Amino acid sequence: MSAPLIEARHLKKYFDTPSGQLHAVDDVTFSIDQGRTMGVVGESGCGKSTLGRTMIHLLESTEGQIYFQGEDITRIGKRKLRSLREDMQIIFQDPYSSLNPRMSVRQVIMDPLKRSGRFQGKSALDAETDRIMNLVGIEERLKNSYPHELDGGRRQRVGIGRALALNPKFIVCDEPVSALDVSIQAQVLNLLQDLQDQLGLTYMFITHNLSVVKHISDDLCVMYLGQLVETSPSDEIFKMPLHPYTKALLSAIPSTDVHNHQERIVIKGELTSPIEPQPGCRFVSRCPHACKACLQHQQLEELLPKHFVACCRAKELYELEGRVVK
Amino acid sequence: MNERGRDFLEIKDLTVEYTSEGQVVHAVNGVSLKLDKGQTLGLVGETGAGKTTIAKSIMRILPPHSSAVKGGEIYFEGRNLQELSELEMHEIRGKKISMIFQDPMTALNPVMRVGEQIAEGVALHEKVSKKEAQERAEQMLEMVGIPKNRYKEYPHQFSGGMKQRVVIAMTLACNPRLLLADEPTTALDVTIQAQVLEMMRNLVKKKDASMILITHDLGVVAEMCDYVAVVYAGEIVEHGDLFSVFDHPSHPYTKGLFGAIPKLNEDKGRLHSIEGLPPDPTNLPQGCYFCPRCPLADESCVSKKPEPVVVGRSHYCRCGKLKKWEANK
Numbered sequence: 001m002s003a004p005l006i007e008a009r010h011l012k013k014y015f016d017t018p019s020g021q022l023h024a025v026d027d028v029t030f031s032i033d034q035g036r037t038m039g040v041v042g043e044s045g046c047g048k049s050t051l052g053r054t055m056i057h058l059l060e061s062t063e064g065q066i067y068f069q070g071e072d073i074t075r076i077g078k079r080k081l082r083s084l085r086e087d088m089q090i091i092f093q094d095p096y097s098s099l100n101p102r103m104s105v106r107q108v109i110m111d112p113l114k115r116s117g118r119f120q121g122k123s124a125l126d127a128e129t130d131r132i133m134n135l136v137g138i139e140e141r142l143k144n145s146y147p148h149e150l151d152g153g154r155r156q157r158v159g160i161g162r163a164l165a166l167n168p169k170f171i172v173c174d175e176p177v178s179a180l181d182v183s184i185q186a187q188v189l190n191l192l193q194d195l196q197d198q199l200g201l202t203y204m205f206i207t208h209n210l211s212v213v214k215h216i217s218d219d220l221c222v223m224y225l226g227q228l229v230e231t232s233p234s235d236e237i238f239k240m241p242l243h244p245y246t247k248a249l250l251s252a253i254p255s256t257d258v259h260n261h262q263e264r265i266v267i268k269g270e271l272t273s274p275i276e277p278q279p280g281c282r283f284v285s286r287c288p289h290a291c292k293a294c295l296q297h298q299q300l301e302e303l304l305p306k307h308f309v310a311c312c313r314a315k316e317l318y319e320l321e322g323r324v325v326k
Numbered sequence: 001m002n003e004r005g006r007d008f009l010e011i012k013d014l015t016v017e018y019t020s021e022g023q024v025v026h027a028v029n030g031v032s033l034k035l036d037k038g039q040t041l042g043l044v045g046e047t048g049a050g051k052t053t054i055a056k057s058i059m060r061i062l063p064p065h066s067s068a069v070k071g072g073e074i075y076f077e078g079r080n081l082q083e084l085s086e087l088e089m090h091e092i093r094g095k096k097i098s099m100i101f102q103d104p105m106t107a108l109n110p111v112m113r114v115g116e117q118i119a120e121g122v123a124l125h126e127k128v129s130k131k132e133a134q135e136r137a138e139q140m141l142e143m144v145g146i147p148k149n150r151y152k153e154y155p156h157q158f159s160g161g162m163k164q165r166v167v168i169a170m171t172l173a174c175n176p177r178l179l180l181a182d183e184p185t186t187a188l189d190v191t192i193q194a195q196v197l198e199m200m201r202n203l204v205k206k207k208d209a210s211m212i213l214i215t216h217d218l219g220v221v222a223e224m225c226d227y228v229a230v231v232y233a234g235e236i237v238e239h240g241d242l243f244s245v246f247d248h249p250s251h252p253y254t255k256g257l258f259g260a261i262p263k264l265n266e267d268k269g270r271l272h273s274i275e276g277l278p279p280d281p282t283n284l285p286q287g288c289y290f291c292p293r294c295p296l297a298d299e300s301c302v303s304k305k306p307e308p309v310v311v312g313r314s315h316y317c318r319c320g321k322l323k324k325w326e327a328n329k
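So the sequences go chain by chain: A and B.
First residue of the first sequence? That's 1 in full-length UniProt numbering, and the numbers climb one at a time after it.
First residue of the second sequence? That's 1 in full-length UniProt numbering, and the numbers climb one at a time after it.
If you're looking for bench data, these hints aren't it; they were derived computationally from the structure.
As the structure is a prediction and not an experimental result, all values here were calculated from the model.
We put the CB at the ideal spot given by N, CA and C, even for glycine.
Any given hint might turn out to be false.
What the hints assert, rightly or not - Straight-line alpha carbon distances no greater than 30 angstroms define the calculated DSS-like cross-link-like pairs of lysine-lysine that follow:
(1) K263(B) to K207(B)
(2) K323(B) to K12(B)
(3) K205(B) to K247(A)
(4) K268(A) to K207(B)
(5) K268(A) to K263(B)
(6) K95(B) to K56(B)
(7) K247(A) to K292(A)
(8) K34(B) to K12(B)
(9) K127(B) to K95(B)
(10) K95(B) to K207(B)
(11) K96(B) to K37(B)
(12) K12(A) to K169(A)
(13) K207(B) to K169(A)
(14) K205(B) to K268(A)
(15) K56(B) to K323(B)
(16) K315(A) to K268(A)
(17) K306(A) to K292(A)
(18) K263(B) to K239(A)
(19) K37(B) to K206(B)
(20) K255(B) to K268(A)
(21) K207(B) to K148(B)
(22) K152(B) to K268(A)
(23) K205(B) to K56(B)
(24) K78(A) to K12(A)
(25) K305(B) to K323(B)
(26) K96(B) to K207(B)
(27) K255(B) to K239(A)
(28) K206(B) to K131(B)
(29) K304(B) to K268(A)
(30) K306(A) to K263(B)
(31) K263(B) to K247(A)
(32) K122(A) to K12(A)
(33) K12(A) to K247(A)
Unchecked claim - Using C-beta positions, here's what the derived DEER-type ranges look like:
(34) E275(B) to S145(A): 18 to 24 angstroms
(35) R9(A) to D280(B): 48 to 54 angstroms
(36) Q82(B) to Q107(A): 47 to 53 angstroms
(37) K207(B) to Y96(A): 37 to 43 angstroms
(38) F258(B) to Y96(A): 24 to 30 angstroms
(39) G30(B) to N167(A): 49 to 55 angstroms
(40) D94(A) to D280(B): 22 to 28 angstroms
Based on the provided sequences and hints, a complete structural model is requested.
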């Protein structure tokens, strides 16, 4: 087994708001092994993007630790952070706003190369820029185009090229295909997978689209209002969701199978506020199985091998379905 | 009942153009559709395919200076909507035909109480007192699952899902016969989407209304619709009964769409992406609009516009290669 490339331990990120502290990420612990893809799913406002940004120091964590290649990087100096950035990159959701409109494709991709100081001389820089454009499938003729001249799919390729420029080990993909149409989405997903195979990249793939996450992830984290409620290898969760929220979430995906409509668990109500939340399970107000014990703090426990869930009733519900926890 | 103009809704050969910076944008190119009472039709396609323009043409709310209906007729309950006066259209809009817009954040007036926004339409279309209009608005709120004591609140006090429900309450308040829902759940999370879709399905059934549901999500179509029309570059390339289209997608574009979505019940491999991009609507190809991206295209596709071919029960498809291709499979 390979060692984890990146690891979060009891990571917290709180924001101060006029009405109190907003617990965007609350005590999240997980790790991603080298070369694997960790999907992070949850609904808008559940803290998945904040988690991704905190992991790569775009946001400073409030509490907890982050380890990268075994080293504690929670609090590091500017110089160290700069070299760390070469190893950790991010691809943003919106290719329209994440590229500087006044920089050409070539400039966008060349910028990190220049800053790194790894390449001396114009010809070396040009050659490397060409190599990266080729890698992410941007045609040579578009070299001097500006972002507004490109379609969404190509723009996202430029964003991917920029992230890849310095050979990072770890990339946070924050909803990289949500703004794209399905046919273009498929092109970009295929590209991300090819690059992972070629370069041995490790991804943290944040999305609200469950079919996309099923397609691309090896492992999966399900978040609800800042907390990690379930995590396991991705196939396992889709086969046997344990947390009541995960069950409802999976059953809510509209399926293209017109003959077998699956039974839907429609959960009532909406997300509660993440500002100064009550202790205990955050899903309790919408959960059909809520009981008194749910008002206590829920510990993430390994109910099945490699399959962790933060729900005090998960074991009982699992056994109610006639199964036995070994 | 099948004479021209006797159907509930019939669109014949609709062609709509926009002008933008001196160029003509061919948004809708000869669309024909029929819809019966109580039926739901899904319009599927990618951004810019012309789905919303079709709906806006039915409502006659296209931007007046930059767009024009260049041809075709729209019959609704036997009347040609294109020939009605603006006043007559005013009576139909919101009363007989209602539209749900994609973004609930912009469809509501931010400085007007939500209850009053619902009551406004009722007061406008029906001879009722102010009090009765308010009562109806309260009923509508409760019907979409919002307590009526929130009548006096403003849109910003509601979450996204609740705002969309307010919009739906607004559109259904006058019992419309035809509902045009333009991506009604695209801005919502899946669990909220499930709630809203379930509610729409029940309301439409209860009131025996018809619906055109515009979406890019084939899963939503599978759950909600009786018929489906696939739109590409302002043209319906495939149309038919839900089961027929989903079981036997026939147009290469439809097949491509199905191949491009990751499936939940299949193992991962590579997705089949459709190469290339949709055509520039200011400069459409001569023959089949899909042929530059089509794996089956040959010279005949480039030069000749394909005619609709019947491929199943009320299922047709516009593809010149269809017969040969089906035989080769």
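(message) I'd like to know which numbered hints this structure contradicts. Please list them from smallest to largest.
(response) 1, 13, 15, 20, 29, 32
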